[in-house]
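Participant: If you count the sequence shown from 1, position 441 lands on 443 in the working numbering, and the numbers rise without skipping.
None of these hints come from the bench; they were simulated from the model.
Quick caveat, the model's predicted, so the values are computed rather than measured.
Glycine included, every Cβ here is placed at the ideal spot set by N, Cα and C.
Among the hints, erroneous ones may be present.
In the EDC-like style, the derived pairs of lysine to aspartate or glutamate whose C-alpha atoms are separated by at most 16 Å in a straight line are [said to hold, decoys possible]:
| # | residue 1 | residue 2 |
| --- | --- | --- |
| 1 | K522 | D424 |
| 2 | K49 | D75 |
| 3 | K511 | E477 |
| 4 | K522 | D398 |
| 5 | K513 | D529 |
| 6 | K522 | E428 |
| 7 | K522 | D427 |
| 8 | K522 | D508 |
Label pairs and their calculated CB-CB ranges [what the hints assert, rightly or not]:
| # | residue 1 | residue 2 | range |
| --- | --- | --- | --- |
| 9 | A33 | V214 | 51 to 61 Å |
| 10 | R537 | E32 | 23 to 33 Å |
| 11 | L11 | V214 | 24 to 34 Å |
| 12 | F528 | N203 | 33 to 43 Å |
| 13 | V214 | E477 | 52 to 62 Å |
| 14 | L11 | R267 | 46 to 56 Å |
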Amino acid sequence: MKRRFYHRLDFWFSVGMLLIGFIIRAHAIEALPPFNDESLHIRRAEKILVERNVSLTPFKLLTYYWIALFQPDRLVAIFVSRTAVGLFALLGLAGTYATARLVFGRWAGRIALVLAAFSPFMVFFDRLALADPLTAALGMLVVWMSVRMVRREDCGRWCPEALMVGMLGALVVLAKTIGLPFLAMPAIAVLALGRGAWPANRDWRTLRDWTVQRLRRYQGALVTAYGAFVACMVPFGLHVLERAIAGEPVMLVNNNLVLGLAENRPPHEVIFDNIATLWNVNWILHSPFLWLTMLLAAGLLFWRCPAKAAYLTSAVVLPWTMSILLGAELSTRYLTLGILPLMVLLAGGLQVVGQQAIEIWGKQHSLRPLMVGIVVLWVGLFAVPFIENAWNEPTDLELPSRDQWEYFENFSSGYGLVAAADDLDELPSSEPSGRVNVFGMIGSCHQVRLYLGAAEADDDGPVWLTCPFFGWHGEYLMDVAADIQRRMAIESQVYLLLEPEIPYFDTDKLKPLWQWQEIKRYRRPFDGMEIVLYRITPIENAAESSDNRAPSSESEYKPAESYGDDIYN
Numbered sequence: 003m004k005r006r007f008y009h010r011l012d013f014w015f016s017v018g019m020l021l022i023g024f025i026i027r028a029h030a031i032e033a034l035p036p037f038n039d040e041s042l043h044i045r046r047a048e049k050i051l052v053e054r055n056v057s058l059t060p061f062k063l064l065t066y067y068w069i070a071l072f073q074p075d076r077l078v079a080i081f082v083s084r085t086a087v088g089l090f091a092l093l094g095l096a097g098t099y100a101t102a103r104l105v106f107g108r109w110a111g112r113i114a115l116v117l118a119a120f121s122p123f124m125v126f127f128d129r130l131a132l133a134d135p136l137t138a139a140l141g142m143l144v145v146w147m148s149v150r151m152v153r154r155e156d157c158g159r160w161c162p163e164a165l166m167v168g169m170l171g172a173l174v175v176l177a178k179t180i181g182l183p184f185l186a187m188p189a190i191a192v193l194a195l196g197r198g199a200w201p202a203n204r205d206w207r208t209l210r211d212w213t214v215q216r217l218r219r220y221q222g223a224l225v226t227a228y229g230a231f232v233a234c235m236v237p238f239g240l241h242v243l244e245r246a247i248a249g250e251p252v253m254l255v256n257n258n259l260v261l262g263l264a265e266n267r268p269p270h271e272v273i274f275d276n277i278a279t280l281w282n283v284n285w286i287l288h289s290p291f292l293w294l295t296m297l298l299a300a301g302l303l304f305w306r307c308p309a310k311a312a313y314l315t316s317a318v319v320l321p322w323t324m325s326i327l328l329g330a331e332l333s334t335r336y337l338t339l340g341i342l343p344l345m346v347l348l349a350g351g352l353q354v355v356g357q358q359a360i361e362i363w364g365k366q367h368s369l370r371p372l373m374v375g376i377v378v379l380w381v382g383l384f385a386v387p388f389i390e391n392a393w394n395e396p397t398d399l400e401l402p403s404r405d406q407w408e409y410f411e412n413f414s415s416g417y418g419l420v421a422a423a424d425d426l427d428e429l430p431s432s433e434p435s436g437r438v439n440v441f442g443m444i445g446s447c448h449q450v451r452l453y454l455g456a457a458e459a460d461d462d463g464p465v466w467l468t469c470p471f472f473g474w475h476g477e478y479l480m481d482v483a484a485d486i487q488r489r490m491a492i493e494s495q496v497y498l499l500l501e502p503e504i505p506y507f508d509t510d511k512l513k514p515l516w517q518w519q520e521i522k523r524y525r526r527p528f529d530g531m532e533i534v535l536y537r538i539t540p541i542e543n544a545a546e547s548s549d550n551r552a553p554s555s556e557s558e559y560k561p562a563e564s565y566g567d568d569i570y571n
């Protein structure tokens with residue numbers, strides 16, 4: 003009877019915490035204006051069921067399919083897509099609870115679930131329509147299922163847990179390529195948590211023989227797991243191979259991670275900078291107290307439970323390896339992949355402390371109430387204020403400098419763009435089209451369509467938004483200017499949205515081409531990049547400089563006729 007009571011208590015506690023976790027992620031989910039990548043994900047989700055190169059290229063693919071399942075209308079796409087990601091994130095919370103309970107027991111499972119549900123690190127990114135929350139959630143399920151695989155005594159070939167590990171591993175890679183290191187978790191689980199004691203003699207030869215013997219014991223399960231992964235990836239691999247043989251480009255997105263390989267920076271400098279970033283973001287987003295407690299918990303686990311500590315530390319560190327080793331432009335969201343296993347590690351460390359206290363002083367001196375009180379205090383004093391700011395005033399959030407730049411100050415931020423879109427339909431329309439002609443010379447022009455009112459972004463709507471591709475180094479800037487000049491020749495009113503500080507081209511090159519009438523400035527928080535709305539009109543001899551100028555490369559430059567045509571950049 004008592005066991006049944008605790009089982010029901012556990013069930014309802016986990017259900018309640020998952021519900022709280024979803025409310026935290028879904029409430030006021032549009033408080034932060036959209037981020038550049040969210041708009042691109044939504045655009046690709048619109049194309050994924052009709053464009054083969056989008057639907058079969060294994061890069062961040064799962065996010066597009068997941069968003070596409072909900073078929074969000076353009077005007078509610080941000081709300082629907084973010085809510086869908088927040089819903090998916092519950093799988094990660096459930097996996098965190100299940101792993102901690104399986105490895106350490108019910109009490110640790112509850113602590114891990116509370117920490118994960120309220121973690122500011124996870125909350126901030128789980129509220130955005132990005133690929134990283136999906137990758138983190140699926141990675142946590144791989145960690146959990148790998149433990150179940152080795153705990154099952156008869157797990158050989160065609161073992162259900164092994165099949166699930168392989169399929170989950172494929173989903174992780176399809177969610178985001180930086181999840182590749184999670185594929186090592188089944189093998190690490192076999193070595194760290196498999197049946198049989200670790201060798202007493204730790205010399206190299208003994209360890210080698212023991213490793214081979216352990217892997218052979220679980221050979222069937224591992225073959226099934228990795229075979230299932232390969233089978234799941236075959237269709238996507240064949241698509242890439244087919245396009246490579248045909249000489250057609252494969253859609254590659256989010257290559258920012260490996261840009262460091264092309265920079266003139268020594269690898270050790272990149273790695274040291276990224277380790278410093280890793281320390282800093284955990285210090286800020288988890289508080290110094292909790293971050294240092296996590297490190298202490300890891301040390302305690304290695305002292306008392308080295309096998310479990312080795313497995314969970316691998317689950318934390320391995321998902322960070324690609325980002326730390328390769329990422330010259332390391333974004334905090336890449337590091338979410340290791341946060342959920344880190345919560346399990348912390349809960350396990352607290353469990354060890356509680357057990358040690360009981361062994362030394364007896365059950366009457368258990369430290370569990372004290373540790374629960376500390377966790378509740380951290381939630382109330384640190385996590386809850388962060389969540390309230392995320393709901394009500396995102397500019398008050400204390401974030402790492404990189405995140406403040408990306409989500410508030412940079413052209414990738416939706417701040418300023420929402421207000422600009424609201425003003426576009428108030429502008430005088432042009433003749434003969436009867437529409438407001440706007441060229442978006444801004445870094446994230448494709449976002450603007452998500453904020454335009456009913457039908458205003460459509461080809462026959464009152465606003466004609468054109469998002470030209472001016473090149474990553476402004477190589478097509480004058481070709482774009484020629485397009486604008488041709489539009490001005492047939493329309494009475496042409497407007498320009500411009501970011502003077504945009505890094506992709508020199509805006510001063512456009513100044514001599516037309517007369518400029520500034521209409522309004524839109525400021526981003528923290529003195530970020532401004533957006534300026536101009537009305538431009540022809541000046542004498544401007545046609546000689548741009549109107550009849552041929553594109554620099556007809557094979558590469560294509561005039562954009564509407565918003566968001568280029569979903570790959």
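Participant: So, for every hint listed, does it hold in this structure?
Facilitator: Evaluation of the provided hints:
| no. | hint | result |
| --- | --- | --- |
| 1 | K522 x D424 | holds (12 Å) |
| 2 | K49 x D75 | holds (13 Å) |
| 3 | K511 x E477 | holds (12 Å) |
| 4 | K522 x D398 | violated (26 Å) |
| 5 | K513 x D529 | violated (24 Å) |
| 6 | K522 x E428 | holds (12 Å) |
| 7 | K522 x D427 | holds (14 Å) |
| 8 | K522 x D508 | violated (21 Å) |
| 9 | A33 x V214: 51 to 61 Å | holds (54 Å) |
| 10 | R537 x E32: 23 to 33 Å | holds (30 Å) |
| 11 | L11 x V214: 24 to 34 Å | violated (44 Å) |
| 12 | F528 x N203: 33 to 43 Å | violated (58 Å) |
| 13 | V214 x E477: 52 to 62 Å | holds (55 Å) |
| 14 | L11 x R267: 46 to 56 Å | holds (53 Å) |
Of the hints listed earlier, those the structure fails to meet are numbers 4, 5, 8, 11 and 12, in rising order.
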